[in-house]
Amino acid sequence: MLSKSQARLFFLIGTVGFSLLFLFLTVDTMRQVPKQTNQDQITEAVKRGKRIWEHNYCMGCHTIFGEGAYYAPELTKVIDRRGEAWIRVFLKDPQAMYPGQRKMTNYDFSEGQIDDLIAYFDWIGKVDLNGFPPKPVKRLVQAASSNSGSSFATTTVDQPAIYGQLCTACHSLQGSGGNVGPALDGVGNRFDEEYLGKWLKDPQAVIAGTAMPKLPLSDSDISALTAFLSGLK
Amino acid sequence: MKFKSQKVAYWFFASALVLLSLQIIYGFIMGFAHMGYDGWHAVTPFNTSRAVHTNLLVVWLLTGFFGATYFIIPEEADRELFSVKLAYIQLVTLMIVGVTAVVGFHFNWWEGRKILEIPRPLDFFVVANVLLFIFNIGMTVLKGKRFTTTGIVLFMGLFSAALLYLPGMIDFDNQTIDSYFRWWVVHLWVEGVWELIMGAILAYLLIKLTGVDREVIEKWLYVIVGLTFLSGILGTGHHYYYIGAPKYWLAIGGIFSAMEPLAFLAMALFGLFMYRRSERNHPNVIAMLWTIGSAVMSFVGAGFLGFAHTLPQVNLWTHGTLVTAMHGHLSFWGAYAMIVFAIMTYAMPLMTGRKLWNNRMGLYAFWLSNLGMVAMTGAFAVAGIAQVYLERRLGLDFLAVQKEIEPHFLGLILAATLFSVGITMYLINFYNFGLPKDEMVGKGDKLEAASGFSGE
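If you read the protein sequences in the order shown, they are chains A and B. For the record, in the first sequence the residue sitting at position 50 is 49 according to numbering that gives the first Met the number 0, with numbers rising by one throughout. For the record, in the second sequence the residue sitting at position 233 is 232 according to numbering that gives the first Met the number 0, with numbers rising by one throughout.
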């Protein structure tokens, strides 16, 4: 049977051996990380963005690289998912974008700080994370459209890029998108192009007290969106 | 209690319990926020509550470990503490740093890195504080009449914990490297040196409670801490899967963290076998319950539930979801909170002379808090699995999924209420013991003998 001194030897050799192996792997990791994380692309703006991220303890609600708290969305691929335009609008007044929903503190970021944060998220999103976050296996939208068959009318106009950056965060179409605002399926049956144009320009002017925020849309954005939305029948 | 200086442990235990109570309050605030009732947002937004909750956890557990050490080391070294005054200074400064940090969190003053939120200037105080502690304990051990394995392992654990705090204080511009070294602190603490501390306290309690030969218990202590490091050091790799580190960590982390439950299994079996080998029944039944309970629950929470999402193929989906919170709650409770409760429950009668060691209040405290914590873990598990499936597998929007899982947080809050009732009963029992008495010095054996027990 094992004696106490053998047990001690097992402990000492195991601990020292594996500590050395761990140090060796750490050296190798430090050698590889610059390439895997595009370290040459860490600009001053990215560094400032990281400091803003830490200064406000964003990790206390959000996750990045899957690390943090689980109260607010994972932000690793936020640039891909939401786009710069949406992030800009959102950070100006987070609660206005999600009225009555889970709250984010308004940190009164300046334009420059928002630039830095976007630079940081942009760099984060390009790091090779060995396949994280995983792509959903089965988007619900596919399930929905295959179930509904031809009863779902399709639109005649192509979806403008701005729709995917801003609108989809709160509104859903064929089951895909946010659920903060109403679904936009068949919205063309309910409102015409003129009404939608006025609505997008200033929601408050059409229905005072509406939860829909006024978004920074150009006239060409609005006409592209109204053409698209009024075609949803 | 053999030495007068062991009394300092009482004040560490009492402080730890106060911090634990505060931790629970902030836990409730977060639970309600998850349910959609974040009425406290203006006072303590989620990230503040989160920082307070986790930091208080770390500070109260450390305070408990310090208290345990001040109780155990004089007996193991067979002499009075080197300096009682230093011990009190350490306690007071630790509390000041802790409270300053908690207040600071409410004013956006922090370092902003998960678990290491304490602002940098306070980090230096923490290091100084721990060095003070190590000096005091180290001098006691050095001047002591005997070196026991239990004493040495406990000291090594605390010393390494202090050393490993340092990598967390280096600044990096690269998020990946930042995260890499942050885990040196967090992982190597909780899955490395803290297990050393836990193992040593467990061994001490088993020696005292079961009367099994010290040589036998300490031999297995080496085997267990050996297994811990064998698996735990390279097991750090499970934090390196998806943070931008090389791909080989998926294999290394996967293999070694799959072995981590072995150390906990060994700990559980160790506790159970030693309990069965005990020929005499120690009168402090509740301390025995906490001790064996800790050995078993650390296997369930840290070992089994950790294994449940440690494999890279699974972790790809569960990483960064509430599944982590599920594992976190039961593992900290089983491995660390319960061992602190065990040593407190063991020490209190010996320090105060009151034989509250098999009373109803103490028993209910044990069962209710454990039942509550297991139920909380269940609520987190269901919420976490639903989140993984809806958000990660089906690609639903984050907030839409959070709405879906709100009901599970009602379950969480109910379970947490049960847990809190248990903890409250423990606090009442603790209060009923009263203060440590000088007359008790050297009388511990008599107290136990009066109930028909003769220990080491």
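Quick caveat, the hints were computed from the structure, so don't treat them as lab data. By construction, the Cβ of each residue, glycine as well, lies at the ideal position given by its N, Cα and C atoms. Treat each hint with caution, since some may be false.
[Unchecked claim] With beta-carbon atoms standing in for the labels, derived distance ranges:
#1 R353/B - L22/A: 32 to 38 angstroms
#2 K442/B - M0/A: 33 to 39 angstroms
#3 P118/B - D107/A: 19 to 25 angstroms
#4 F146/B - K134/A: 54 to 60 angstroms
#5 M0/A - V102/B: 51 to 57 angstroms
#6 P181/A - F123/B: 37 to 43 angstroms
#7 D92/A - L393/B: 48 to 54 angstroms
#8 M0/A - A250/B: 42 to 48 angstroms
#9 K213/A - E403/B: 58 to 64 angstroms
#10 A95/A - G137/B: 55 to 61 angstroms
[Claimed, not checked] With a straight-line cut-off of 27 angstroms between C-alpha atoms, the simulated DSSO-like cross-links for lysine-lysine are:
#11 K436/B - K354/B
#12 K142/B - K218/B
#13 K246/B - K46/A
#14 K113/B - K46/A
#15 K144/B - K354/B
#16 K91/A - K354/B
#17 K354/B - K134/A
#18 K34/A - K442/B
#19 K442/B - K125/A
#20 K113/B - K246/B
How the hints compare with the structure:
1. R353/B - L22/A: 32 to 38 angstroms: This hint is violated: roughly 50 angstroms between Cβ atoms.
2. K442/B - M0/A: 33 to 39 angstroms: holds (38 angstroms)
3. P118/B - D107/A: 19 to 25 angstroms: At roughly 21 angstroms between Cβ atoms, D107/A and P118/B fall inside 19 to 25 angstroms, so the hint holds.
4. F146/B - K134/A: 54 to 60 angstroms: Check passed, 57 angstroms falls within 54 to 60 angstroms.
5. M0/A - V102/B: 51 to 57 angstroms: holds (55 angstroms)
6. P181/A - F123/B: 37 to 43 angstroms: Once the Cβ atoms are compared, 54 angstroms apart, the range 37 to 43 angstroms for F123/B and P181/A is violated.
7. D92/A - L393/B: 48 to 54 angstroms: violated (30 angstroms)
8. M0/A - A250/B: 42 to 48 angstroms: violated (35 angstroms)
9. K213/A - E403/B: 58 to 64 angstroms: violated (30 angstroms)
10. A95/A - G137/B: 55 to 61 angstroms: For G137/B against A95/A, whose Cβ atoms are near 57 angstroms apart, the range 55 to 61 angstroms holds.
11. K436/B - K354/B: Holds: K436/B and K354/B sit about 13 angstroms apart, inside 27 angstroms.
12. K142/B - K218/B: Between K142/B and K218/B the Cα gap is close to 24 angstroms, so the pair holds against 27 angstroms.
13. K246/B - K46/A: The given pair, whose Cα atoms are some 25 angstroms apart, holds under the 27 angstroms limit.
14. K113/B - K46/A: holds (18 angstroms)
15. K144/B - K354/B: Violated. K144/B to K354/B sits at ~30 angstroms, over the 27 angstroms cutoff.
16. K91/A - K354/B: This hinted pair is violated, its Cα atoms lying about 62 angstroms apart.
17. K354/B - K134/A: violated (60 angstroms)
18. K34/A - K442/B: violated (65 angstroms)
19. K442/B - K125/A: violated (66 angstroms)
20. K113/B - K246/B: holds (24 angstroms)
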